[in-house]
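Those protein sequence lines, which keep their order, are chains A and B.
So the first sequence is numbered by our numbering: it starts at 2 and just counts up by one.
So the second sequence is numbered by our numbering: it starts at 350 and just counts up by one.
FYI, nobody ran anything at the bench for these hints, they're computed from the structure.
The beta-carbon is built from N, C-alpha and C at its ideal position, and this holds for glycine as well.
Fair warning: there could be bad hints in the mix.
Derived CB-CB ranges, DEER-like [stated by the list, open to error]: (1) B/Glu575 / A/Ala219: 36 to 44 Å; (2) B/Asp363 / A/Glu167: 16 to 24 Å; (3) A/Arg186 / B/Ser381: 47 to 55 Å.
Chain A is nowhere near these chain B residues, computed Cβ spacing over 10 Å in every case [said to hold, decoys possible]: (4) Pro351; (5) Asn352; (6) Pro394; (7) Ala398; (8) Ala402; (9) Val480; (10) Thr520; (11) Ser533; (12) Ala567; (13) Glu569; (14) Lys572; (15) Arg635.
Computed footprint of chain A on chain B, listed as stretches where at least three residues anywhere in the stretch have a Cβ under 8 Å from a Cβ of chain A [to be verified]: (16) 442–452; (17) 464–473; (18) 487–494; (19) 602–613; (20) 638–647.
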Amino acid sequence: MKIAVCIKRVPEMDVKFRIAASGKAVDETGLKWDMSDFDGYAVEAALQMIEKLGTGEVVVISLGPDTAQEVLRKALSMGATRAVHLKSDQVPFDSAAIATALAAELKGGGYDLIMFGKMAIDSASGATGVIVGEMLDLPTVHGCSKLEIANGKGSARRELEGGAEEVTFPLPAVVTIDEGIARPRYPSLKGIMAAKKKPMESKAAQLGAVRVTVDAMALPAERAAGRIIGEGAAAVPELVRLLQTEAKVL
Amino acid sequence: MPNVLTYAEVRGGDLRKVSLEALSAARALADSHGAEAHVVLSGGPGAGAHAAALGEHGADVVFVTEHEALAQYNPEALSALVAERARNGYAAVLVGASARGKDLAPRVAAKLGAAILSDVTTLKRDGDALVATHPVYTGKVLATLRLTPGNGPAVASLRPGAFTATQAPRTARVEAAPPVGDASTVRVQVKETTSADSRKLDLAEAPVIVSGGRGLKAAENFKLVEDLAAAFGNAAVGATRAVTDDGWRPHSDQIGQTGRQVSPELYVAVGISGAIQHLAGMRASRCIVAINKDAEAPI
Ligand SMILES: Cc1cc2nc3c(=O)[nH]c(=O)nc-3n(C[C@H](O)[C@H](O)[C@H](O)COP(=O)(O)OP(=O)(O)OC[C@H]3O[C@@H](n4cnc5c(N)ncnc54)[C@H](O)[C@@H]3O)c2cc1C
Ligand SMILES: Nc1ncnc2c1ncn2[C@@H]1O[C@H](COP(=O)(O)O)[C@@H](O)[C@H]1O
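Turn these sequences into a full structure, and let the hints guide you.
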């Protein structure tokens, strides 16, 4: 079994972002970076599949500047077999442009399963994996919260509003991973040492035409400070009054 | 100026509110250049009955495709159908970003070789371009994105609740359209498993959300949250990851960075600390009430 996982390097979100002087991006000074949440779930799910089978390889792919190699190295230290860095100094907010580059790399790679995160937590588009699946004309399942692969077939669960759907599909296939399948392991010291010797290939990304561009980025309006209304049931009449007269939500 | 196409999602026999919101957005976009709003309506036999409701909300033309293979969500057959329709010179294809809309929109975009704006909260036309607001970095930053289409249409998915479904009554022309290709020979087979509470108000549609966290201490105490939601009459129930991890609630109820993103009028957070990943899903709520014994809790 040969699995590819596409992972994106994104900032950790536990900060107050600032807007860069250009007004079109966030200021990256002082940000910490990691692989996007759902991509971590996908890497873990891929590793568990290979471990269960006892054979196979997990190839991790990331498009971005040289720093993208950090998350690739992390995935290698978790246990991935080898890494491909698609070098691009700009990472556009255009899912189709990125998907074009990823599809070009994946095509002809002989993968049984190609995995993505459901969405990258910086761009929050949730489109790239599906577009790659369509570009490669492979069966595609978006947002799997359960996934089972056996005998050349897959089955998955997708969460809906107030329900779910059970999906079956043949391999090779493209899947994007939701929460609920696997939490990423921490790289062990042994894993980190081993990762240093694993192959990391770097080549220029073949981005598609960029048709979605950023006009501006801004911080949303600050919320007014909160207020403590009271304690226990005694606070309820005042709360209801405020919800009716001030917030006007009742 | 070319027309605008939308897709009407029917689930469990009902027309989804997100689809009416998308139609209203399409109506506004079409009106801004004197064009028409068209809708693809598909489903099992009888789905066409929703055409009148679409006319009420401003559809000039409704293309109805009824087929057994479309009674269930059929991503491959449906995306082929919508993309084929969109090839008839449309300016844009708008889809409500429900769970299924989020799956459908990028498929259609890819089939058309089009660019896509995902999960937008505002949308307007600027010449040939579409300009939209899209919350990025877990809602901590608002991006204004510009899509400059090539030859084909632009595709956009619209965040549920961000656009208002408004009446714009007219008698829609209804045209029957055959499925594209053989709708029954698809690779991805979908079977919906309706949960017991599928009739309940969805998180994306509810004006009020009552959400519970680990402060509730035990699964059975979630009844307090459900009772409060029931007392509002127009509320849905949400949860934190601490709660869905413990299996007190299904993952589909989870609100946050790796759950649902919601923006109700009123969000009641019961026993929720307000971790950054939870805030990512509900910070856009208009009014937030927290019930918490810790006055310093970040919520
Ligand atoms: C990658 C990643 C993604 C994540 N994604 C999400 C996500 O999508 N959604 C999400 O919610 N979390 C997410 N989390 C988890 C998040 O970090 C928090 O752990 C979680 O939100 C905490 O849930 P909680 O508020 O229910 O529990 P706690 O943080 O344990 O808070 C419980 C609260 O209850 C209060 N309390 C206790 N007793 C009472 C009482 N008797 N009366 C009133 N109040 C009381 C406490 O004061 C406390 O504030 C994610 C974490 C990671 C690492
Ligand atoms: N620059 C990138 N490099 C590698 N994978 C990416 C990149 N951007 C997006 N992806 C993949 O596509 C998924 C969805 O991204 P998005 O459509 O931007 O939300 C991510 O979870 C990744 O799996």
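These are the hints, each one checked on the structure:
At about 38 Å, the beta-carbon gap between glutamate 575 of chain B and alanine 219 of chain A stays in the expected band of 36 to 44 Å. One distance hint, 16 to 24 Å for the beta-carbon pair aspartate 363 of chain B and glutamate 167 of chain A, holds here, with the actual separation near 21 Å. For the pair arginine 186 of chain A and serine 381 of chain B, the supplied restraint of 47 to 55 Å holds, since their beta-carbon distance comes to about 51 Å. Separation of proline 351 of chain B from chain A is adequate, the least Cβ-Cβ distance of about 17 Å exceeding the 10 Å criterion.
No Cβ of chain A comes within 10 Å of the Cβ of asparagine 352 of chain B; the nearest lies about 21 Å off, and the non-interface call holds. Proline 394 of chain B, annotated as away from the interface, keeps every beta carbon of chain A farther than 10 Å; the closest lies near 21 Å. Look at alanine 398 of chain B: its CB is around 22 Å from the nearest CB on chain A, clear of 10 Å, so calling it non-interface holds up. At roughly 19 Å, the least C-beta separation between alanine 402 of chain B and chain A is larger than 10 Å, which holds for a residue marked as non-interface.
Non-interface status of valine 480 of chain B relative to chain A is broken: a Cβ of that chain comes within 10 Å, the nearest being about 7 Å off. Distance to chain A confirms threonine 520 of chain B as a non-interface residue, since its nearest Cβ pair spans about 31 Å, more than 10 Å. A cut-off of 10 Å between C-beta atoms confirms that serine 533 of chain B is not in contact with chain A; the least separation is 15 Å. Residue placement check: alanine 567 of chain B keeps its beta carbon more than 10 Å from all beta carbons of chain A (closest about 20 Å).
Every CB of chain A is more than 10 Å from the CB of glutamate 569 of chain B (nearest about 21 Å), matching its label as outside the interface. Distance to chain A confirms lysine 572 of chain B as a non-interface residue, since its nearest Cβ pair spans about 17 Å, more than 10 Å. The beta carbon of arginine 635 of chain B sits about 7 Å from the closest Cβ of chain A, which is not more than 10 Å, so the claim that it is off the interface is violated. Coverage of the region 442–452 of chain B by chain A holds in this model, with 5 residues showing a Cβ closer than 8 Å to a Cβ of that chain against a need of three.
Only residues whose C-beta sits within less than 8 Å of a C-beta in chain A count toward coverage, and the region 464–473 of chain B has 5 of them, enough to reach three; the restraint holds. Beta-carbon proximity to chain A at under 8 Å applies to 8 residues in the region 487–494 of chain B; the threshold of 3 is reached and the given coverage holds. Residues of the region 602–613 of chain B lying with their CB closer than 8 Å to a CB of chain A number 4, which satisfies the three-residue condition for coverage. Counting residues of the region 638–647 of chain B whose CB falls under 8 Å from any CB of chain A gives 3; the rule of at least 3 is met.
The structure fails to meet hints 9, 15 from the earlier list, while all remaining hints are met.
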